[in-house]
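Protein chains in written order, with my numbering: chain W, 1 to 271; chain E, 1 to 353.
All clues stand as given, with none of them false.
On the chain W side, residues computed to face chain E include the following (Cβ under 10 Å):
1) N169
2) L172
3) G175
4) R184
5) P188
6) R191
Don't read these hints as lab results, they were simulated from the structure.
Model, not experiment: these values are computed from the prediction.
We put the beta carbon where it would ideally sit given N, CA and C, even for glycine.
If you want the building blocks of each chain, they are given just below.
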Amino acid sequence: MDSPLRGWRDRIFEGAVFFFVCVFVVFISMLIIADVFYIDKKAVVTVLTSRFIGHALWMSIWTSLVAIFISLLFAVPMGYALSRLRFPGRFLADVIVDLPIVFPPLVVGLTLLVFFSQTAIGRWIQEDLGLEFVFQPKGIVLCQFVAAASFAIRSAKTAFDEVGRRYENVALTLGCTRWGSFWRICLPLARNGIIAGGILTWARAFGLFGPLMIFVGSFRGRTEVLSTTIFLEQSVGNLEVALAVALLLIFVALAALTVIRIIGRSAVVKL
Amino acid sequence: MIRTERVSFHIGTFRLQDVCLEVTAGRYFVLLGPPGSGKSIFLECLCGLKKIDSGKIFIDGRDVTLLEPRARGIGYVPQDYALFPHLTVEQNIAFGLRVHKYSRGETARRVGEAADLLGIRQLLSRKVNGLSGGEAQRVALGRALVLQPKVLLLDEPVCALDEITRQEVCSQLSCIQRHLGLTVIHVSHNLEEAFSVADQAGILHQGVLQQVGTLEQLLRRPCSEFVARFMRCENVFCGQVTSVDIQQGRTKVKVDGAEISVAGEHSGRIKFMIRPEDVLIHPYSEGRGRGQNEICVKAVRWRNYGSYVKVELEGPIDLVSHLTEDVFAELRIEHRPDFLAVLRPDSIHVLPV
Numbered sequence: 001m002d003s004p005l006r007g008w009r010d011r012i013f014e015g016a017v018f019f020f021v022c023v024f025v026v027f028i029s030m031l032i033i034a035d036v037f038y039i040d041k042k043a044v045v046t047v048l049t050s051r052f053i054g055h056a057l058w059m060s061i062w063t064s065l066v067a068i069f070i071s072l073l074f075a076v077p078m079g080y081a082l083s084r085l086r087f088p089g090r091f092l093a094d095v096i097v098d099l100p101i102v103f104p105p106l107v108v109g110l111t112l113l114v115f116f117s118q119t120a121i122g123r124w125i126q127e128d129l130g131l132e133f134v135f136q137p138k139g140i141v142l143c144q145f146v147a148a149a150s151f152a153i154r155s156a157k158t159a160f161d162e163v164g165r166r167y168e169n170v171a172l173t174l175g176c177t178r179w180g181s182f183w184r185i186c187l188p189l190a191r192n193g194i195i196a197g198g199i200l201t202w203a204r205a206f207g208l209f210g211p212l213m214i215f216v217g218s219f220r221g222r223t224e225v226l227s228t229t230i231f232l233e234q235s236v237g238n239l240e241v242a243l244a245v246a247l248l249l250i251f252v253a254l255a256a257l258t259v260i261r262i263i264g265r266s267a268v269v270k271l
Numbered sequence: 001m002i003r004t005e006r007v008s009f010h011i012g013t014f015r016l017q018d019v020c021l022e023v024t025a026g027r028y029f030v031l032l033g034p035p036g037s038g039k040s041i042f043l044e045c046l047c048g049l050k051k052i053d054s055g056k057i058f059i060d061g062r063d064v065t066l067l068e069p070r071a072r073g074i075g076y077v078p079q080d081y082a083l084f085p086h087l088t089v090e091q092n093i094a095f096g097l098r099v100h101k102y103s104r105g106e107t108a109r110r111v112g113e114a115a116d117l118l119g120i121r122q123l124l125s126r127k128v129n130g131l132s133g134g135e136a137q138r139v140a141l142g143r144a145l146v147l148q149p150k151v152l153l154l155d156e157p158v159c160a161l162d163e164i165t166r167q168e169v170c171s172q173l174s175c176i177q178r179h180l181g182l183t184v185i186h187v188s189h190n191l192e193e194a195f196s197v198a199d200q201a202g203i204l205h206q207g208v209l210q211q212v213g214t215l216e217q218l219l220r221r222p223c224s225e226f227v228a229r230f231m232r233c234e235n236v237f238c239g240q241v242t243s244v245d246i247q248q249g250r251t252k253v254k255v256d257g258a259e260i261s262v263a264g265e266h267s268g269r270i271k272f273m274i275r276p277e278d279v280l281i282h283p284y285s286e287g288r289g290r291g292q293n294e295i296c297v298k299a300v301r302w303r304n305y306g307s308y309v310k311v312e313l314e315g316p317i318d319l320v321s322h323l324t325e326d327v328f329a330e331l332r333i334e335h336r337p338d339f340l341a342v343l344r345p346d347s348i349h350v351l352p353v
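Using the sequences and the hints, build the whole thing.
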């Protein structure tokens, strides 16, 4: 142990901060345990055997994975640009990146719906280009991307901010181009922050509900994802099934977060 | 060889102003200056990490002003060494070679040579995070040297090291520079560091290169009060010329309560300096103190700095004298505070107006 010697005041302080950790963890655990005790075996069997719920699970997984992939595709260059480049309108771009974070989620769905159904460019994308989003599975990915990408971009920017410019400067004197110093130095050093941003993005995308209901609806076997399944089941009075789906969602999220954290930690160890 | 012609750069309110410098090939140049004087910025301008506002930079006769850092043929060691934390020592040293796509065999050979030269072969498999300051410094140096640059730029390379390691690294830097025939520009605020490595030195102050020369020239013939004080000369005075002896080539200057004779012919108000080691102290005896440049003084404070004893003297003008330990012991200052300070006219340097 390399912690310093502690007096009684330090112990009280540590006890106080630990108290808040305990309260939060216990409260969230109790909520989940309450759900577990509420549902019956029949509801679990229904959830595990339902073709539609299986489809919703699959939709939730693949759409959120595609959304996180696209988000990171934007987040890495955007985070680097916002961190390193000075360009006109940078401040405005920085503010706009944060907008989807502070939007009420429903607004994302509403604005997407208005854009694709009421504007010329939106209709052109849908009708002439043939890229249909409204009430389509592709729309789920777009919705998740718009609602969640800001977390990835913000995290990537912070991660790049924390990488000292001297590393890149030295790399430039050692023969690297700007791209080379980014690829060989900046990106590996920012990796943990980007992974953390990816976790947040995925979590947000995976559990997204409101904007999906507005923009893509919840059509069984087509645009239904786990979060909308919970709403559908609950709205027709199947509370046990809704809770079983919720637990499935929690379980999948927990498993995914654990795996990502383990991968992230091994990345840290490698660093 | 590295040469700059009227290099100017600004960042915020700070300005690097028309810096003209020429460092001959194979020389070790130390750029001195207080913190915030623009030394590191100047070095970054030489590297191409900062785009200069005006002027030109030549390396080995080639105009590199508009070239990218990678095309300038320089090796750069920043102040905090900036070792890449995700790479091992070996990977750090080999970094430049890998970027330039050297073969594995050639890379291993050059890394081995650099490691042997710097005595860090045993560190090659280590992560950089656990290295001591001296080890990190050597690794950073190896990383810069492995590409065999023509010019090596060192930004405060030993400032974070303890005294003993600093001396070791300085002597190693000096040896490596001579061994490889490198042109080195070494930025520092530390005078001892400069004395241990420099062939030539310059002093930068508020973005202006004040003076360039050997350390002896900077010590004995400073061009300004700032340079004199930076070179640790506390005895700088301002006085009014009272008479000029053309035959002897001497000028008398009135400073506070004393009249000092200085070499040369001057007029009006002048500034002059005398180095503390040139202020001679003799025991006071009645009737003396009226000779040329003999001033009655009282020793008020003294401190032993190891290699010399600094004695502060109060009198018609306040002086500082550096004495050897033997002379200090002989004078028995603690028992006898009254002395005669003798300033030889040829030891006095009149600062240019």
